[in-house]
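Undergrad: Here is how the chains run, residue by residue.
There are 2 protein chains.
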Amino acid sequence: MEKQISNAVIKRLPRYYRYLGDLLENDVVRISSGELSSKMNVTASQIRQDLNNFGGFGQQGYGYNVEYLYEEIGKILGLEKKNNMVIIGAGNIGQALTNYTDFERRGFIIKGLFDNDVSKIGKRVRGIEIYKVDLLEEFIKKEDISIAAITVPKEYAPKIASDVVKWGVKAVWNFAPTDLLLPDDVLVENVHLAESLMRLSYRLNAKQRGDLL
Amino acid sequence: MEKQISNAVIKRLPRYYRYLGDLLENDVVRISSGELSSKMNVTASQIRQDLNNFGGFGQQGYGYNVEYLYEEIGKILGLEKKNNMVIIGAGNIGQALTNYTDFERRGFIIKGLFDNDVSKIGKRVRGIEIYKVDLLEEFIKKEDISIAAITVPKEYAPKIASDVVKWGVKAVWNFAPTDLLLPDDVLVENVHLAESLMRLSYRLNAKQRGDLL
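Chains as they are written, first to last, in my numbering: chain A, 456 to 668; chain B, 456 to 668.
If you are wondering where the hints come from, they were derived from the structure by calculation, not from laboratory data. Among the clues, some could well be false.
Which copy is meant is left open, so a pair is good if it fits within one copy or across any two.
Stated by the list, open to error - No farther apart than 25 Å at their CA atoms in a straight line, the calculated lysine to any residue pairs in the SDA-like style are these: (1) 537 <-> 527; (2) 537 <-> 485; (3) 625 <-> 564; (4) 662 <-> 577; (5) 614 <-> 590.
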């Protein structure tokens, strides 16, 4: 099956998943695209269009079965599989990610943290051990790691990212404030916190100047 | 001056700013849009077009003066002003944000952390005190806080966000995995980490299925 799903749709899918998860927690059994639309602030036709990319899932006059749709979107997102992860950099962000138990519930299994700081080696975060970076190559191969979160300072990020890719990692979740240059077949998702804060500041400033937003 | 700058441009501005900052650190005095283009993986005409929104800044045949352009983009982003911030939730993410000295360099001054956990009250992160949430209203008014970072669990986020807005906060940097419903004139920037990870997982899964990406 070959098809091209737009980035905009991919961006919205996790949001559908989150809303459906919230509905499930509140024991909602079914929902119309209209109700989902007003909750999510997306038009109903947008929702139908988005989900039609994957085959629909709704029934005319009935709406969506919340649990079924939640599970199907979970499958599309690859969440029914286990994805083994490492976190490189056991600083604040690395430890924060490790402490998010939500990731594990969704199949992202953090197998180890890695750091260069000898005072951290051997310690544990939520039971997960911090290892020396020297052990990373062997660990990635042995533990079948597909995702690496990079939370090291920006000057170390490009080298460690290209190393882990060489050792078999397929996807990089990059928190370092730099763009990684990696082979085209490597998936990269950037979380640039400073840029996010600057966008907020831009809008705050533009508003004070009286620009349209 | 009233003008409408597209979201796509606003998204790219902090990235220009970051690249120019890196160039400055490496003592680069000027750069052509062609060189900047190949570094940033954006077309040269895109760069010229983006910057023309704000008046250009380049000179035909000379290129851009790096320091000047860096400073001008900084002004557009509102970084020459001080923005006072609070962080609500002194957990891992809240502490990680507090430890980013980069934010302060760019004019984002974290004035205080707030938490409900009595064992945290009175402690300091990078010298910045953790206060009881009860003190937030007074603090926001006294310290002229314009930005609140929300790093509390999702069930507490909507209430605390609407409270801080009532007390005078103009911009919310939201890390809770929920959409905040706030008045239209409040600026919100969401950092949904779980959604970011799910997008990575989607693409990993789609690639394994053989979909086009």
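Undergrad: It remains to establish, for every hint, whether it holds in the given structure.
TA: Structure-based check of all given hints:
no.: 1; hint: 537 <-> 527; result: within (16 Å within a copy, 47 Å between copies)
no.: 2; hint: 537 <-> 485; result: neither (28 Å within a copy, 48 Å between copies)
no.: 3; hint: 625 <-> 564; result: within (15 Å within a copy, 38 Å between copies)
no.: 4; hint: 662 <-> 577; result: neither (49 Å within a copy, 35 Å between copies)
no.: 5; hint: 614 <-> 590; result: within (16 Å within a copy, 45 Å between copies)
The structure does not agree with the numbered hints 2, 4 stated previously, though it agrees with the rest.
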